[in-house]
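There are 2 protein chains.
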Amino acid sequence: MAGSISEAVLRRLPRYYRYLNELEADHVMQISSKELAERMGLTASQIRQDINCSGGEGRQGFGYSVPKLRRHIGKVLGIQSKQNMIIIGAGNIGSAVALSDSFRTSNFYTVAIFDTDPQKIGKKIGALTVLDYKDVAAFLKRQPVHIAVLAVPFASGQSVVDRLHDLGVTAFWNFVPADLDIPDDATIVSVHLEEGLQILSYKMKESSQTF
Amino acid sequence: MAGSISEAVLRRLPRYYRYLNELEADHVMQISSKELAERMGLTASQIRQDINCSGGEGRQGFGYSVPKLRRHIGKVLGIQSKQNMIIIGAGNIGSAVALSDSFRTSNFYTVAIFDTDPQKIGKKIGALTVLDYKDVAAFLKRQPVHIAVLAVPFASGQSVVDRLHDLGVTAFWNFVPADLDIPDDATIVSVHLEEGLQILSYKMKESSQTF
Numbered sequence: 001m002a003g004s005i006s007e008a009v010l011r012r013l014p015r016y017y018r019y020l021n022e023l024e025a026d027h028v029m030q031i032s033s034k035e036l037a038e039r040m041g042l043t044a045s046q047i048r049q050d051i052n053c054s055g056g057e058g059r060q061g062f063g064y065s066v067p068k069l070r071r072h073i074g075k076v077l078g079i080q081s082k083q084n085m086i087i088i089g090a091g092n093i094g095s096a097v098a099l100s101d102s103f104r105t106s107n108f109y110t111v112a113i114f115d116t117d118p119q120k121i122g123k124k125i126g127a128l129t130v131l132d133y134k135d136v137a138a139f140l141k142r143q144p145v146h147i148a149v150l151a152v153p154f155a156s157g158q159s160v161v162d163r164l165h166d167l168g169v170t171a172f173w174n175f176v177p178a179d180l181d182i183p184d185d186a187t188i189v190s191v192h193l194e195e196g197l198q199i200l201s202y203k204m205k206e207s208s209q210t211f
Numbered sequence: 001m002a003g004s005i006s007e008a009v010l011r012r013l014p015r016y017y018r019y020l021n022e023l024e025a026d027h028v029m030q031i032s033s034k035e036l037a038e039r040m041g042l043t044a045s046q047i048r049q050d051i052n053c054s055g056g057e058g059r060q061g062f063g064y065s066v067p068k069l070r071r072h073i074g075k076v077l078g079i080q081s082k083q084n085m086i087i088i089g090a091g092n093i094g095s096a097v098a099l100s101d102s103f104r105t106s107n108f109y110t111v112a113i114f115d116t117d118p119q120k121i122g123k124k125i126g127a128l129t130v131l132d133y134k135d136v137a138a139f140l141k142r143q144p145v146h147i148a149v150l151a152v153p154f155a156s157g158q159s160v161v162d163r164l165h166d167l168g169v170t171a172f173w174n175f176v177p178a179d180l181d182i183p184d185d186a187t188i189v190s191v192h193l194e195e196g197l198q199i200l201s202y203k204m205k206e207s208s209q210t211f
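For the protein sequence lines, the chains are Z and X, in the order given. For the first sequence, this note's numbering assigns the number 1 to the initial residue and increments by one for each residue that follows. For the second sequence, this note's numbering assigns the number 1 to the initial residue and increments by one for each residue that follows.
Hint data in this document are derived by calculation from the structure and do not stem from the laboratory. A couple of the hints might just be wrong.
Since the list gives no way to pick out one identical chain from another, each pair is judged satisfied if it fits inside one copy or across any two copies.
Restricting the straight-line Cα-Cα distance to at most 25 Å, the calculated cross-link-like pairs of lysine to any residue (SDA-like) are [said to hold, decoys possible]:
#	residue 1	residue 2
1	LYS34	LEU180
2	LYS205	GLN80
3	LYS205	LEU167
4	LYS68	GLY196
5	LYS124	GLY91
6	LYS203	ASP166
7	LYS205	SER4
8	LYS205	SER45
Please construct the entire structure, taking both the sequences and the accompanying hints into account.
Right under this line is the structure:
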């Protein structure tokens, strides 16, 4: 098993996983680092280095076994078995996460969605019914869940984190545009959607320049 | 002006921009690479290298001027002036983008949102009224816009890209979970939300291991 992976390699692993999934769906069973590089817009040596750093193995003159490498990366990412999550906030973001298929592909299943808004409580979002956030403690006592998606307004972010952590949640996928304080034993990944838009802006500018 | 920036540095620039904005809002006018490094969880030498690569300047013993560096990075990203965008798809993701404040902070303004669903056309989303997608050509003829947010179902992604490109859209911020083909003169940045969740999964696993 590989030890800790650098942040830069880690950030690329989900892309490898996605491409390998697509290859497998297309019945491609083996691939060279060169072909994978072309598909991903990286260099072959970077590919070999990344896979090597994450403990994956290829064979000279054969390349990589697509299903084996996909399973290996899935194991490194810890997504080889089913994980449950709850969503706090049944607004647009919370609903989009609840309704998306992309997360089930990675073995993440939403088991409940909570809100404080009486207009939203009781409403159906796909197969789920929006639950009252004041019942979150009772819910987690009955069915412990360690991952929460934070899709609440800015002002509520920190208090929701504090409460959920007291109830045993240790991993937060955060859509609140705030720097939230997380206890040492907990983990947070924040989504800053505007970063993608800024990168798009840079690329537009670059592609419009004549060299 | 700096030339092309490596993809790795580019990916970090929005984070610099965000932290510098926060510092400026807190009336912090200057900062050393060491302080910025602590705040961002990077090393001071990485900070100096990134800023140097993107053409920014600091002064020995003084550090960086926060407003000057923020403006510089904004200029590199091309977000110093207002840019209009349209959203295709008034579902949860499209609505979330239309309602978010985060994009206006980066000078991106949604001027219209389109859908094909008669149930959604005419509905209000914030200050916008959902327009009929069949009127998109007439709209863009009246008011050319070069950036489109793609928030349509999987099956419609490619045809929407093709149509909009014919109408002068050259930059796509893509939420459709598909590999879309983009003409050479166009730019695309795709959001793969599940990647964040996979990174969270890895970090949970790491933090639960005892060394």
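Inset, instruction - Please write out, lowest number first, the hints stated earlier that are contradicted by the structure. - result: Structure breaks hint 8 only.
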